[in-house]
Amino acid sequence: MTVWLSFVALGVLASLAGALLRVWKGPGPADRMMGAQLVGTGGVAVLVLLAPVHGRGALDVALTLALLAALAAVGFVKATSADGAGDPEEDETPSPDRGPAGETSDG
Amino acid sequence: MADIATIAFTGLGLCFFIAGTIGLLRFPDVFTRLHALTKADNLGLGFITLGMLFQVEGWREMALLVLIWALTLLAAGTVSQLIARAALKDRSG
Amino acid sequence: MTWAFDAALCALILGVAFATVLGRGVFRSIVFFIVYGLLMAVAWVRLDAVDVALAEAAIGAGLTGVLFLTTFGRLARNVSDDAAPGRFHLPAALACGGLTGALAWAWFAMPAPVRREWELPPAGVENPVTAVLLNFRAWDTLLESIVLLAALIGLWMMARDGDWGDRLGLPQHVRPGGVMAGFGRLLPPVGFLVGVYLVYVGADQPGGAFQGGTVLAAVGLVAALAGLVRPPRIAAHRWRVALVAGPSVFLVAGLAGAVLGAGFLTLPEPVAGTAIFVIEVGLAISIAVTLVFLVLGPPEGERRE
Chain A
1 MTVWLSFVAL GVLASLAGAL LRVWKGPGPA DRMMGAQLVG TGGVAVLVLL APVHGRGALD
61 VALTLALLAA LAAVGFVKAT SADGAGDPEE DETPSPDRGP AGETSDG
Chain B
1 MADIATIAFT GLGLCFFIAG TIGLLRFPDV FTRLHALTKA DNLGLGFITL GMLFQVEGWR
61 EMALLVLIWA LTLLAAGTVS QLIARAALKD RSG
Chain C
1 MTWAFDAALC ALILGVAFAT VLGRGVFRSI VFFIVYGLLM AVAWVRLDAV DVALAEAAIG
61 AGLTGVLFLT TFGRLARNVS DDAAPGRFHL PAALACGGLT GALAWAWFAM PAPVRREWEL
121 PPAGVENPVT AVLLNFRAWD TLLESIVLLA ALIGLWMMAR DGDWGDRLGL PQHVRPGGVM
181 AGFGRLLPPV GFLVGVYLVY VGADQPGGAF QGGTVLAAVG LVAALAGLVR PPRIAAHRWR
241 VALVAGPSVF LVAGLAGAVL GAGFLTLPEP VAGTAIFVIE VGLAISIAVT LVFLVLGPPE
301 GERRE
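If you read the sequences in order, they're chains A, B and C.
Numbered according to the working numbering, the first sequence spans residues 1 to 107.
Numbered according to the working numbering, the second sequence spans residues 1 to 93.
Numbered according to the working numbering, the third sequence spans residues 1 to 305.
Looking at chain A on its own, in the form it has when it is part of the complex (with noise of 0.2 Å):
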């Protein structure tokens, strides 16, 4: 069963390496960024197929890595907005004093 599980973490490596092929290449800061996010998915695959012989510490790290996978896509967004600090999804160009997020609609 080991040798399985090396062999399909090797795998997953072999995909990581491709991914970064496309951090290499990717014209835009939007492929670079989204070559980035594979190896941190493939990072988890990698760490849950380790779990059976390095024990409970491979599942805290995959656990870590999952919550924090989107915190770099997030930096990325921010730092590619109209002023720093702003949100793709709005429409308007965003004002001065226009605080954090009230009271929300549900959808």
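Heads up, some of the hints might be wrong.
Stretch-level coverage of chain C by chain A, calculated; a stretch enters the list once three of its residues show a Cβ under 8 Å from a Cβ in chain A [claimed, not checked]:
hint, segment
1, 96 to 108
2, 251 to 262
3, 270 to 282
Pairs of lysine-lysine residues, derived as DSS-like cross-links and limited to a Cα-Cα distance of at most 30 Å, are as follows [what the hints assert, rightly or not]:
hint, chain 1, residue 1, chain 2, residue 2
4, A, LYS25, B, LYS39
5, B, LYS39, B, LYS89
6, B, LYS89, A, LYS25
If you are wondering where the hints come from, they were derived from the structure by calculation, not from laboratory data.
Glycine included, every Cβ here is placed at the ideal spot set by N, Cα and C.
Following the hints, put chains B and C in place on chain A, whose structure we already have.
Relative to chain A, chains B and C alone:
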């Protein structure tokens, strides 16, 4: 028996992972690549997690695996929406 | 078969490291650096250093990534992204190569480690990393927590005088009810639980103040970036208390050790476990708040172009 299930599911998950990477490399556009990234890769992770459920001992580890997968789904959904809209604005702005 | 996996991982890490340094464009190097952090976390797990892996995952893949990306966002407005890489610097390359060679030689020259049960003297906690960090080498950890605080003070010195009373960082605004706001509502509760769990379990299993503190910091950062909570004003007293809580608790515990006759920063045997836990809680709070403030930055009003 559990080993057979693990082998089957993790193998399937690996296929989806590789498909996702091929999509990321071969698709022509940011938006099409986003499909490959979020759908195929997370499905691959889901299958791998499902396969590993048979290998861990104890309910706590199983719950941990399910939580990991749920969090990855949440992250993938958020990231795909945000990156897509940012790329759209980039393209039209 | 595992050696093939290890070899592939090492090759990937080396390749990513080279790709970070070579090639044009700052943004590509930033993304490669984030990838490098992720792969290093996997490598640390492979080496059975789970505490380090937890810290690497939270910081290298999370907080540092956001820091670099925010910095890039500001630079990109003035600097083109197509900058050529720097000139090849032969002395630096030779120094790095020499150091790597020396490390490799030292590794192979050492006798093979004998794998036996850890025979640490009783320290009140089971996790050997926590025992070393908070009991045997407590001096280092105390000074490190103060260094973190000093870094934050150094960052705050960069604030403009007119901005001093404002809230930290840029004012964030998101679409109410949108994806980012929803994410900021769903993730922090789970993340908070995970962070508290990591601090609590650090006594017996991999975890501890630093790991839990960084996860809490990342979670707080998500809440702030998604506009759910507004960063505090730089002069807010409660937050300043939180900043110094960790080093103060540590100092008090150390002085108590001196007063009880065991020596400064030596924890007497019967209370070691409880004392370590109390110190860890204080440290986690301080580390979390310090790291969030470090990434948010000094107070800035609206961006003045």
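Hint check results:
| no. | hint | in the structure |
| --- | --- | --- |
| 1 | 96 to 108 | violated (count 0) |
| 2 | 251 to 262 | violated (count 0) |
| 3 | 270 to 282 | violated (count 0) |
| 4 | A:LYS25 to B:LYS39 | holds, 22 Å |
| 5 | B:LYS39 to B:LYS89 | holds, 22 Å |
| 6 | B:LYS89 to A:LYS25 | holds, 21 Å |
In the structure shown, a violation is registered for the earlier hints numbered 1, 2 and 3, in ascending order.
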